[in-house]
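A.B. asks: As they're listed, the protein sequences go chains A and B. Counting in our numbering, the first sequence runs from -7 upward without gaps. Counting in our numbering, the second sequence runs from 309 upward without gaps.
To be clear, the hints were calculated from the coordinates, so they are not data collected in a lab. Possibly wrong hints are sitting among the right ones.
Quick list of in silico lysine to aspartate or glutamate cross-link-like pairs, DMTMM-like style, CA-CA up to 20 Å [stated by the list, open to error]:
#1 K401/B / E518/A
#2 K453/B / E611/A
#3 K320/B / E13/A
#4 K19/A / E310/B
#5 K19/A / E392/B
#6 K112/A / E385/B
#7 K112/A / E310/B
#8 K112/A / D350/B
#9 K401/B / E704/A
#10 K112/A / D390/B
#11 K401/B / E(-1)/A
#12 K453/B / E436/A
#13 K19/A / E431/B
#14 K642/A / E402/B
#15 K401/B / E436/A
#16 K19/A / E327/B
#17 K401/B / E499/A
#18 K27/A / E310/B
#19 K453/B / D144/A
#20 K642/A / D350/B
#21 K19/A / D390/B
#22 K642/A / E388/A
#23 K27/A / E432/B
#24 K642/A / E433/B
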Amino acid sequence: MATKIEELGGVGVCLHRKEDERFIRGKGQYLDDIKLPGMLHMEILRSPYAHAWIRSIDVSKAKALPGVVAVITGQDLAAHNLAWMPTMSGDTQAVLATDKVRFQGQEVAAVIAETPYIAKDALELIEVDYEPLPAVVDPKKALEPGAPLIRDDKPGQTTNHIYHWEVGDREATERAFREADRVVALETHYQRCHPAPLECCGCIADVNPATGKATIYMTTQAPHAVRTVFAMVTGYPEHQIRIISPDIGGGFGNKVPVYPGYVVATAASLLLGRPVKWVEDRTGNLISTGYARDFHMRGELALKGDRIIGLRVKVLGDHGAFYADAQPSKFKIGLFHICTGSYDIPAAFVEADGAYTNKAPGGVAYRCSFRVTEASFLIERLVQTAAYELGMDPAEFRRRNFVRKDQFPYRSALGWVYDSGDYHRALDLALEKLDYARWRREQEEARKQGRLIGIGIASFTEIVGAGPSHTFDILGLKMFDSAELRVHPTGKAVLKLGTRTQGQGHETTYAQIIASELGIPARDVEVQEGDTDHTPYGLGTYASRSTPTSGAAAAVVARRVREKARKIAAHLLEVSEDDLEWEPGRFYVRGAPEKGKTIQEVALAAYTNFPQGLEPGLEDVCYYDPPNLTFPFGTYAVVVEVDRGTGQWKPLRVVAVDDCGVRINPMIVEGQIMGGLCEGFGIAAMQQITFDEQGNCIGSNFMDYLLPTAWETPRFELYETITPSPHHPLGAKGVGESATVGSPAAYVNAVIDAMAHAGVRNIDMPLTPDKVRAALEEVGLAE
Amino acid sequence: MERTITVTVNGKTHTASVEPRLLLVHFLREVLNLTGTHIGCDTTSCGACTVLLDGVPIKSCTFFAVQADGRRITTVEGLARDGELHPIQQGFKEEHGLQCGFCTPGMMLVAKALLDENPNPTEEEIRWAISGNLCRCTGYQNIVKSIQWAARRMREAPAAGR
Chain A
-7 MATKIEELGG VGVCLHRKED ERFIRGKGQY LDDIKLPGML HMEILRSPYA HAWIRSIDVS
53 KAKALPGVVA VITGQDLAAH NLAWMPTMSG DTQAVLATDK VRFQGQEVAA VIAETPYIAK
113 DALELIEVDY EPLPAVVDPK KALEPGAPLI RDDKPGQTTN HIYHWEVGDR EATERAFREA
173 DRVVALETHY QRCHPAPLEC CGCIADVNPA TGKATIYMTT QAPHAVRTVF AMVTGYPEHQ
233 IRIISPDIGG GFGNKVPVYP GYVVATAASL LLGRPVKWVE DRTGNLISTG YARDFHMRGE
293 LALKGDRIIG LRVKVLGDHG AFYADAQPSK FKIGLFHICT GSYDIPAAFV EADGAYTNKA
353 PGGVAYRCSF RVTEASFLIE RLVQTAAYEL GMDPAEFRRR NFVRKDQFPY RSALGWVYDS
413 GDYHRALDLA LEKLDYARWR REQEEARKQG RLIGIGIASF TEIVGAGPSH TFDILGLKMF
473 DSAELRVHPT GKAVLKLGTR TQGQGHETTY AQIIASELGI PARDVEVQEG DTDHTPYGLG
533 TYASRSTPTS GAAAAVVARR VREKARKIAA HLLEVSEDDL EWEPGRFYVR GAPEKGKTIQ
593 EVALAAYTNF PQGLEPGLED VCYYDPPNLT FPFGTYAVVV EVDRGTGQWK PLRVVAVDDC
653 GVRINPMIVE GQIMGGLCEG FGIAAMQQIT FDEQGNCIGS NFMDYLLPTA WETPRFELYE
713 TITPSPHHPL GAKGVGESAT VGSPAAYVNA VIDAMAHAGV RNIDMPLTPD KVRAALEEVG
773 LAE
Chain B
309 MERTITVTVN GKTHTASVEP RLLLVHFLRE VLNLTGTHIG CDTTSCGACT VLLDGVPIKS
369 CTFFAVQADG RRITTVEGLA RDGELHPIQQ GFKEEHGLQC GFCTPGMMLV AKALLDENPN
429 PTEEEIRWAI SGNLCRCTGY QNIVKSIQWA ARRMREAPAA GR
């Protein structure tokens, strides 16, 4: 018999997704599906050069093309002080270039026309006279004396250096390295890649000339923050701005920033008094919008016996032409200082420098909580390297250095307080499910036959769910989030939140929280997000923060509503509130369980028969400021076979143990983990945005920027442990990014492990066959 | 300059005058307002724009509308009949074969072409069939399971698959 919670579709139930119904019928409403009366279409002219002065722009021929309504250049925007805009990292970014272009694909001009085809035709008629300049695409070269100066627009900026940043105790760390009996180092480049959601970015700006109301449909993961930023940047009154984020075809961090196209389309609509739609093409998306990673890292472990006593990291961040990382204001390289990972390391120190290069800006958290992926990758690769140097099994080395279960809450050397964890259990489960010992034997046997098998492990710890507000803000906006719950007279409810789903299944999971907490079946709860006129303020969905923040808010607001419902139930049952017991969906009198009122009966009474002195209605709102972040963790174990002839490698097994605390909808959680394992595989194997010496982007389309297909993507075997978060109202942690964060190191560790006996210690991602083949040749393993 | 074409889309015949350069995906989305067919890459790589042309999957972002003159097109909107979901649509829901939903119409149409020809495909055959369609959310495993679910249902009740 189904339990009450199963009937309600509450927390823990694998409820089918409510949102699926429209998507499988082709009735989703993504940005490009929206058409407004009188709508115009905008296309953007992009720079073919990575670095060049703009001598002149002649738009006369473009303007003369029938169907063209307007052509906008940087000079036009400059007249309204809109040629530049602030970034999320305290820098500025050109909206349309006025002086020079600083990366290939930079926005130079925009055409607004009656149809997209005419707008595209007109782009070809714009004549731009460029004076090419030497470009620099390597951050190390960018910092050398005499390198071309990229940001000559910034007063006092005489080099391409952006920042120097330090965290941790330098002295204590140096001491640990002096005391060490062995130091292990790893230098690696976490390549530039792009989140590439299947839907590109776009907007429809609709400024009503009569009312002045600016309604902007936008592919954004953070509609409220965007509204405020628009108001602050333009001076446009915030109540006159409405951002609507419709169905989103994947975001993965790429849809967090405010892009020039949004600003230009809005300016155009304001100017022309008509709605203006802009949808970028895939090349525009790949060459100009938020890239991810591009971190050059050097990590060192100080070892004493088999224990890690110190971690020292140097990072050089390649930020492109504008420092526009999407990250909390307080940090220069996001939350990279989670890089002690799952290990109890007494001393650690990180220093980072950032450089401008002639590449696209961005630095978004690609399915990751602000540079946590880079941090996790580095420590998991380092730990394996250390195990090899000690001649120890990498699993055993991890086990000996893990933060122990009894150490939680655990304060790391770099200042984070990990909420909960049981790293040994996750590792042991992964090894058991993989049958690790057997694979080690197989590896030995295979070697004798001339075959290369490798086993890679990653025991990651993430840090997700920002706030708390005392530490986290975006451009000054504190990182709380919200939920507003209204129960209607017939017992159906609407839940509105400050986050925005892009495929995560919020319409289902948030309803499940209400089902569990208030006893209203999930099918009777409509979840609304993404419209700033109709949802409470919040910072949006990225960095795995929805469940830790808005999910918590949903639980808290439901409990508040339940407390009000208790008063009404007491009134209806003519007993004291203290005499009432609660079971999901019903109050009953203690000692007389047959005497009770359902939440639906109470809801009706809230509008028809409420006690004197009590406000009518049944609704509340919660702005939830989390007391801490959540720290999901797990162990991924991968077995690969490497082809000694071609350098190709193939995962034979991928075992994933994830612990994200209490799972609200296990089906959705597993879906997200599999998606992340696939992206992790793509990053390890093929995804990279690279550039030639002139700054031409190699990877500007899906024929050059490779993404994993169903054919090469491995099968995943998923397992779980559950260690609740002690501070989250449901015990839940974020999970949407765990596998993207944790798995690249597991794949790479496996490939390296296949060749480690011959001395291979590192190959930089992506592990393309040519690079693996070169490594095989170097150690004499190539066939 | 414009040419008149007649195309049967989801069983309904449409005649329209179009520019020869108009892409089929734009014809479907802009002229017929069938927005379930999506655009993801412009280069025939991602498959979000997949439709069936006389039962065969094609990528409508690199196919001119005039090439479809006199032909029969099936889009995602043509899968359900009289409001009743096609088993493939049901399968995607049952097995959590979608997250953001953007690749889903293309995936389902490729699956339909596969199952129409091969009612009992192996996992390998399914993976090969959908390998021209990218999904960024799911990692494909549940898409494979969704198609397997649909194949089972269609074998049990062939009428459901039509």
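A.B. asks: All the hints need checking, so say for each whether the structure fits it.
C.D. replies: So, going through the hints one by one against the coordinates:
1. K401/B / E518/A: 19 Å, holds
2. K453/B / E611/A: Distance of about 41 Å is beyond 20 Å: violated.
3. K320/B / E13/A: Status violated; Cα separation ~23 Å.
4. K19/A / E310/B: Distance ~30 Å between K19/A and E310/B Cα, so the pair is violated.
5. K19/A / E392/B: Holds, at roughly 14 Å.
6. K112/A / E385/B: 29 Å, violated
7. K112/A / E310/B: Since the Cα atoms of K112/A and E310/B sit roughly 19 Å apart, the hinted pair holds (cutoff 20 Å).
8. K112/A / D350/B: 14 Å, holds
9. K401/B / E704/A: 24 Å, violated
10. K112/A / D390/B: Given that 20 Å is the threshold and the Cα spacing comes to 40 Å, the pair is violated.
11. K401/B / E(-1)/A: 19 Å, holds
12. K453/B / E436/A: Between K453/B and E436/A the Cα gap is close to 35 Å, so the pair fails against 20 Å, i.e. violated.
13. K19/A / E431/B: 29 Å, violated
14. K642/A / E402/B: 30 Å, violated
15. K401/B / E436/A: 44 Å, violated
16. K19/A / E327/B: Answer violated: K19/A to E327/B is near 27 Å, above 20 Å.
17. K401/B / E499/A: 14 Å, holds
18. K27/A / E310/B: 24 Å, violated
19. K453/B / D144/A: 55 Å, violated
20. K642/A / D350/B: Given that 20 Å is the threshold and the Cα spacing comes to 30 Å, the pair is violated.
21. K19/A / D390/B: 15 Å, holds
22. K642/A / E388/A: Given pair K642/A, E388/A is violated - Cα atoms ~25 Å apart, limit 20 Å.
23. K27/A / E432/B: 40 Å, violated
24. K642/A / E433/B: This hinted pair holds, its Cα atoms lying about 18 Å apart.
Hints 2, 3, 4, 6, 9, 10, 12, 13, 14, 15, 16, 18, 19, 20, 22 and 23, counting from the list given before, are not met by this structure.
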